[in-house]
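Since the structure of chain D is provided, determine the placement of chain A on it from the hints.
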Amino acid sequence: MKRGEFWIAYVLLLVAQLLLSNYFHVTPYIFLTILPVMVLCIPIRVGTVGAMLIAALTGLTVDYLSEGVLGLNALALVPVAFARNGIIGLVFGRELFARKEDFSVERCGFGKVAMALFLSTLLFLVIYIWADGAGTRPLWFNGLRLAASLGASFVVSLLTLGVLAPDPRK
Amino acid sequence: MRGRGILSKLANLVIFILLEIACLHLVTNSAALQRTWIARGSHAFMGTVWGASESVRNYFSLSAENKKLVEENYALQQQLAKAQQRLRQARIDTTKTDSHPGYTLTPAEVVKISRNKQHNYLILNRGFEDGIQEKSGIVTPKGVVGIIDAVSEHHAFALSLQNHDISISARIGDEGGSGILVWDGIHSNIALLKEIPLQYHYQPGDTVFTSGHSLLFPPDIPLGVAGESRVINGATNEITVTLFQDFSSVRYVTVVHNDSFDEIEAF
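Quick note, the sequences are listed as chains D and A, same order.
Reminder that position 43 of the first sequence reads as 43 in my numbering, one-by-one numbering, no gaps.
Reminder that position 164 of the second sequence reads as 164 in my numbering, one-by-one numbering, no gaps.
Just so you know, these hints were derived from the structure itself, not from any lab.
Beta carbons: idealized from backbone N, C-alpha and C, even for Gly.
Please note that a few of the clues may not be correct.
Stated by the list, open to error - With the Cβ distance kept under 7 angstroms, some of the chain D side facing chain A (calculated, not the full set):
{"hint": "1", "residue": "THR48"}
{"hint": "2", "residue": "VAL49"}
{"hint": "3", "residue": "ALA74"}
{"hint": "4", "residue": "PHE82"}
{"hint": "5", "residue": "ALA134"}
What the hints assert, rightly or not - Straight-line alpha carbon distances no greater than 27 angstroms define the calculated DSSO-like cross-link-like pairs of lysine-lysine that follow:
{"hint": "6", "chain 1": "A", "residue 1": "LYS117", "chain 2": "A", "residue 2": "LYS142"}
{"hint": "7", "chain 1": "A", "residue 1": "LYS117", "chain 2": "A", "residue 2": "LYS135"}
{"hint": "8", "chain 1": "A", "residue 1": "LYS9", "chain 2": "D", "residue 2": "LYS100"}
{"hint": "9", "chain 1": "A", "residue 1": "LYS117", "chain 2": "A", "residue 2": "LYS194"}
{"hint": "10", "chain 1": "A", "residue 1": "LYS82", "chain 2": "A", "residue 2": "LYS68"}
{"hint": "11", "chain 1": "D", "residue 1": "LYS112", "chain 2": "A", "residue 2": "LYS9"}
To be verified - Computed list of chain D residues with no C-beta within reach of chain A, every gap over 10 angstroms:
{"hint": "12", "residue": "GLY4"}
{"hint": "13", "residue": "LYS112"}
{"hint": "14", "residue": "TRP140"}
{"hint": "15", "residue": "GLY143"}
{"hint": "16", "residue": "GLY162"}
With the rest of the complex left out, here is chain D:
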């Protein structure tokens, strides 16, 4: 995937996230997000600092243009960018950094990609739901919301993988 194509896809997915945030309020137990997968798929060559700045900017954009607490998405997304290299190294190994290659389902396998996606989404949702509740909601509610949101967001994020991390052989 060429560099320009990725960022166009990134912006389009950002718009998609805005639509999800503004119009898909099915139940208070489910919070749909594709922001973690977007940050996870930022090219490795961008580096951690760049990824964190992009994550902060992305989160703030969503916060500004959607309903909710300003800064909440950015607060939860920056840690994903900070932990991104760690998650990639843990799941895919350090060779990707040595070769400066981005991951894809075809190259790394669905299981590993799904695991990386799961961990980044989990990290994002834990922080987001914890801060959104602000200590006013019971643990069972937060736990249920985390499980439901993680399941739904994980499925939606898997669908976006084809856009952000396509098969390099195609």
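Same frame as chain D, now just chain A:
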């Protein structure tokens, strides 16, 4: 290379913290609920940190604190001892009068008295804690009651004048001869003034006083009035004395102690 890697990770961490602080700032400024929550969390955190630091500081200052407490305790004990000393002195001083210079007077109450034996006694409610000493006299405004024989912490045991074992030095009239006054052993208010030389004349009805020759009683305490007399062995008079003191009603007494008793006894 390794140094650059560490620096890079450190820079990542610093930027991450800065971004998170900025995000938290935005969150607290945009939502009251989150602001309260974060403020509560930060207060709890600061409380824990301050509490822990205070505990550590207190732990390391325990030695100095203990030393300070020991010094305070010592100072308080000193003050207590001085106060007790002053209290004891005040009790003694308040009983001192000029009526019998050279004697210490201590008021006391009779808690037990016997009157129907040949060796009668009484017990007073004052002991050595109150300054009472052995070999002190017991008097009332009506005369002599007895002599302290033994002293405990808060009580004193005394031999009553109605006891064959004690005798006191007495004088008949203002200028009369001195003799020994003892209980007659029969009547509760009659005593015998013995060993009065024949050359001393008296009249029945003269007052008998303590002579002051004894170390136990100050002089000139009225004891009773002289009555009949008889000559003993052709050498001395034995005079019957009707005592002023009514032993059946004695309750409040005064203990008198010669301040120079020990010094004179040493001779």
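Now for the hints, and whether the structure bears them out:
1. THR48: It holds, given that the least Cβ distance between THR48 (chain D) and chain A is near 5 angstroms, below 7 angstroms.
2. VAL49: It holds, given that the least Cβ distance between VAL49 (chain D) and chain A is near 5 angstroms, below 7 angstroms.
3. ALA74: With Cβ-Cβ at 5 angstroms, under 7 angstroms, it holds.
4. PHE82: holds, 4 angstroms
5. ALA134: Status holds, d = 4 angstroms.
6. A:LYS117 to A:LYS142: This hinted pair holds, its Cα atoms lying about 22 angstroms apart.
7. A:LYS117 to A:LYS135: Status holds; Cα separation ~22 angstroms.
8. A:LYS9 to D:LYS100: Cα-Cα ~18 angstroms, so holds.
9. A:LYS117 to A:LYS194: Given that 27 angstroms is the threshold and the Cα spacing comes to 22 angstroms, the pair holds.
10. A:LYS82 to A:LYS68: holds, 21 angstroms
11. D:LYS112 to A:LYS9: Given pair LYS112 (chain D), LYS9 (chain A) holds - Cα atoms ~25 angstroms apart, limit 27 angstroms.
12. GLY4: holds, 26 angstroms
13. LYS112: holds, 24 angstroms
14. TRP140: holds, 19 angstroms
15. GLY143: The assertion about GLY143 (chain D) holds, with a minimum of 18 angstroms to chain A.
16. GLY162: Holds: least Cβ distance 30 angstroms, greater than 10 angstroms.
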